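Protein chains in written order, with the working numbering: chain A, 5 to 170; chain B, 15 to 251.
Derived by calculation from the structure, the hints in this document are not laboratory data.
Careful: at least some of the hints might be erroneous.
What the hints assert, rightly or not - Counterexamples of contact, computed for chain A against chain B with all Cβ distances above 10 angstroms: (1) Pro23; (2) Gln36; (3) Ser45; (4) Ser49; (5) Gln50; (6) Gly67; (7) Arg76; (8) Glu84; (9) Gln144; (10) Glu155; (11) Leu161.
What the hints assert, rightly or not - Cut-off 25 angstroms, straight-line C-alpha distance, at most; resulting in silico cross-link-like pairs (PhoX-like, lysine-lysine): (12) B:Lys75 x B:Lys39; (13) B:Lys75 x B:Lys87; (14) B:Lys75 x A:Lys122; (15) A:Lys124 x B:Lys75; (16) A:Lys166 x B:Lys39; (17) A:Lys166 x B:Lys41; (18) B:Lys87 x A:Lys162; (19) B:Lys217 x B:Lys243; (20) A:Lys152 x A:Lys162; (21) A:Lys113 x B:Lys75; (22) A:Lys122 x A:Lys85; (23) A:Lys115 x B:Lys217; (24) A:Lys162 x B:Lys41; (25) B:Lys247 x A:Lys152; (26) B:Lys200 x B:Lys223; (27) A:Lys166 x B:Lys243; (28) A:Lys162 x A:Lys113; (29) A:Lys169 x B:Lys200; (30) B:Lys247 x B:Lys217; (31) B:Lys75 x A:Lys162; (32) A:Lys166 x B:Lys247; (33) B:Lys75 x A:Lys169; (34) B:Lys243 x A:Lys31; (35) B:Lys87 x A:Lys122.
All figures in this text were calculated on a predicted structure; none of them were measured in a lab.
Virtual Cβ for every residue (Gly too), placed ideally from N, Cα, C.
Spelled out, the chains give:
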Amino acid sequence: MNAKKKEEDVQELITRYRPIITFRVRKALGAQNPEAEDLVSEIISQVLEKIKSGEFRGESSLGTFIYTITSRRIVDYIREKTRVMKYAPVPQAYPDPQETLETVEASQKIKEAIRRLKPKYRQVLYLYYYQELTREEVAQRLGISSRKVSELVNYALKLIRKEIKL
Amino acid sequence: MKKFHFWQVSTTKIVDKREGGSMSKCKFEDMIDGYLLNRLGQGDREAFEEHYFNCPSCFEKLQERDLIIITIKNHPEILIQENAARESLFSRLKTEVAAMFTPRQLALAGVTAVLLLVVVFALVPRQQIPAPNFFLTDEETVRGSSITLISPVIDMGQVPASFEWKKLGENVEYQVSIYNHELLWKATTKENRIILPEEVRAKMVPGEKYSWQVKAFSPDGTLIAVSSKVQFKIAER
């Protein structure tokens, strides 16, 4: 196995898992946390190091292995911060996504798709995602069944997804 | 101890893009909303997190849903703008109307509106009854105004001296017909009253039933109105 192949594998691992680790870290610490990116890089380094040192034995999937490292590092980070700051950082509920050109464009498409939805779909999305009512609460509010709420939400998402993928 | 090297792992785990990437619905997909809206218990949350580290399909959907929810959270106006626009227009109208009138004037306007509705729905239709069809003979039917007959319209104690009906307008010629079992007498006049000639009166017998009818014609001879055929009886002496 030559060095070039090894390098390609490393790059592939990073390409595949970096977004997943980033998502997990941002979900735990908040998207605005300035240390999130550093933490992600640190986790990736740890993963590569552990694989190289043979700590990964294939007893679980690689995904689970990386998930375990990520979760432990997040817990450690929060412990460290709690000791220093007395309080753990509170993740912001719904910050703007990290503004890459791709996400801005996708977000714009989502807005356009939502604007084109019929009022009944927009109403359900508003109650379910914005007001965070449960499906049962939305059903009660609109005088329809929970099943109908699920159908409306799923169909609205389907229409939005269709627009994003165009 | 068996050691796994990164390059060995890569061929089985990393490169396998099909892992969890099937088109069929993954059972974890139903957890996406719960996870993003922080509704999962600790056990489910951890299970789902471990799952999306292993399932590219679920992770893709998770990212997509996250972006949708963030967009909704940051721009709720796109979901409510239509209703809001309607509400604001209605409330603006309400405010402007309220500013223009005093409560007394508003009440007066309300009463006027009700009266207007009564006029429109109760009175106007009566005046605009479509012109009735008049069957003059078995073959002849005309549509026109009706003529109101004034006298005689009830049983008479004696042979009537004249026949009277409501005037329709100027330059209208009326044709009056009196029937027994058949046409007894017919005459025309421009007045809304006609004196029955003596010879006709003589033909009318007490105890008999008669009927009469008036038709109106315009100056060019067009039939414009017809009365109903009213029956009357001359009482026996």
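To see whether the hints hold, each was checked on the structure:
1. Distance check for proline 23 (chain A) against chain B: the nearest CB is about 7 angstroms away, which does not clear 10 angstroms, and the non-interface claim fails.
2. Remark: the non-interface label on glutamine 36 (chain A) is consistent with the geometry, its nearest Cβ contact in chain B lying 13 angstroms away (cut-off 10 angstroms).
3. With a cut of 10 angstroms on Cβ distances, serine 45 (chain A) stays outside the contact zone with chain B, its closest approach being about 17 angstroms.
4. No beta-carbon of chain B comes within 10 angstroms of the beta-carbon of serine 49 (chain A); the shortest separation is about 13 angstroms.
5. Every CB of chain B is more than 10 angstroms from the CB of glutamine 50 (chain A) (nearest about 13 angstroms), matching its label as outside the interface.
6. With a cut of 10 angstroms on Cβ distances, glycine 67 (chain A) falls inside the contact zone with chain B, its closest approach being about 3 angstroms.
7. With a least CB separation of 12 angstroms from chain B, arginine 76 (chain A) remains clear of the 10 angstroms interface cut-off, as annotated.
8. For glutamate 84 (chain A), the requirement that its beta carbon stay farther than 10 angstroms from each beta carbon of chain B is met, with the minimum near 21 angstroms.
9. With 10 angstroms as the threshold on Cβ separation, the claim that glutamine 144 (chain A) sits away from chain B holds: the shortest Cβ distance comes to roughly 17 angstroms.
10. Against chain B, the non-interface label of glutamate 155 (chain A) holds: every CB pair exceeds 10 angstroms, the least being about 14 angstroms.
11. Against the 10 angstroms criterion, leucine 161 (chain A) falls within the reach of chain B, whose nearest CB is about 7 angstroms from its own CB.
12. Between the alpha carbons of lysine 75 (chain B) and lysine 39 (chain B) the distance comes to roughly 11 angstroms, so the proposed pair stays at or under 25 angstroms and holds.
13. About 18 angstroms separates the Cα atoms of lysine 75 (chain B) and lysine 87 (chain B), which keeps this hinted pair within 25 angstroms; it holds.
14. At most 25 angstroms may separate the alpha-carbon atoms for a hinted pair to count; lysine 75 (chain B) and lysine 122 (chain A) meet this at roughly 23 angstroms.
15. For the hint linking lysine 124 (chain A) to lysine 75 (chain B), the alpha-carbon distance of about 23 angstroms falls within 25 angstroms, and the restraint holds.
16. Between lysine 166 (chain A) and lysine 39 (chain B), the direct Cα distance comes to roughly 17 angstroms. Compliance with the 25 angstroms bound is thereby established for this hinted pair.
17. With a CA separation close to 22 angstroms, the supplied pair lysine 166 (chain A) and lysine 41 (chain B) stays within the 25 angstroms bound.
18. Restraint check: the Cα-Cα separation between lysine 87 (chain B) and lysine 162 (chain A) comes to about 19 angstroms, which is no more than 25 angstroms; the hinted pair holds.
19. Using a Cα cut-off of 25 angstroms, the hinted pair lysine 217 (chain B) and lysine 243 (chain B) holds, with the two alpha carbons roughly 20 angstroms apart.
20. With a C-alpha separation of about 15 angstroms, the suggested pair lysine 152 (chain A) and lysine 162 (chain A) falls inside the 25 angstroms cut-off, and the hint holds.
21. Pair hint lysine 113 (chain A) plus lysine 75 (chain B) holds up; C-alpha atoms about 16 angstroms apart against a cutoff of 25 angstroms.
22. Proximity of lysine 122 (chain A) to lysine 85 (chain A) is assessed by CA-CA distance (about 47 angstroms); at most 25 angstroms being required, the pair is judged violated.
23. Using a Cα cut-off of 25 angstroms, the hinted pair lysine 115 (chain A) and lysine 217 (chain B) is violated, with the two alpha carbons roughly 95 angstroms apart.
24. Taking the CA atoms of lysine 162 (chain A) and lysine 41 (chain B), the gap is near 18 angstroms; set against the 25 angstroms cutoff, the hint holds.
25. Restraint check for lysine 247 (chain B) and lysine 152 (chain A): the C-alpha separation of about 75 angstroms exceeds 25 angstroms, so the hint is violated.
26. A hinted pair counts as satisfied when its Cα atoms are at most 25 angstroms apart, and lysine 200 (chain B) with lysine 223 (chain B) qualifies at roughly 17 angstroms.
27. Proposed proximity of lysine 166 (chain A) and lysine 243 (chain B) is contradicted: the alpha carbons are some 76 angstroms apart, above 25 angstroms.
28. The straight-line distance between the Cα atoms of lysine 162 (chain A) and lysine 113 (chain A) is roughly 14 angstroms, inside the 25 angstroms bound, and the hint therefore holds.
29. As the CA atoms of lysine 169 (chain A) and lysine 200 (chain B) are separated by approximately 90 angstroms, the hinted pair breaks the 25 angstroms bound.
30. Taking the CA atoms of lysine 247 (chain B) and lysine 217 (chain B), the gap is near 14 angstroms; set against the 25 angstroms cutoff, the hint holds.
31. For the hint pairing lysine 75 (chain B) with lysine 162 (chain A), the CA-to-CA distance comes to about 11 angstroms; that is within 25 angstroms, so the pair holds.
32. Pair hint lysine 166 (chain A) plus lysine 247 (chain B) does not hold up; C-alpha atoms about 86 angstroms apart against a cutoff of 25 angstroms.
33. A threshold of 25 angstroms between alpha carbons decides the hint, and for lysine 75 (chain B) with lysine 169 (chain A) the separation of about 12 angstroms falls inside it, so the pair holds.
34. Under the criterion of a C-alpha separation no larger than 25 angstroms, the hint pairing lysine 243 (chain B) with lysine 31 (chain A) is inconsistent with the structure, at around 93 angstroms.
35. About 19 angstroms separates the Cα atoms of lysine 87 (chain B) and lysine 122 (chain A), which keeps this hinted pair within 25 angstroms; it holds.
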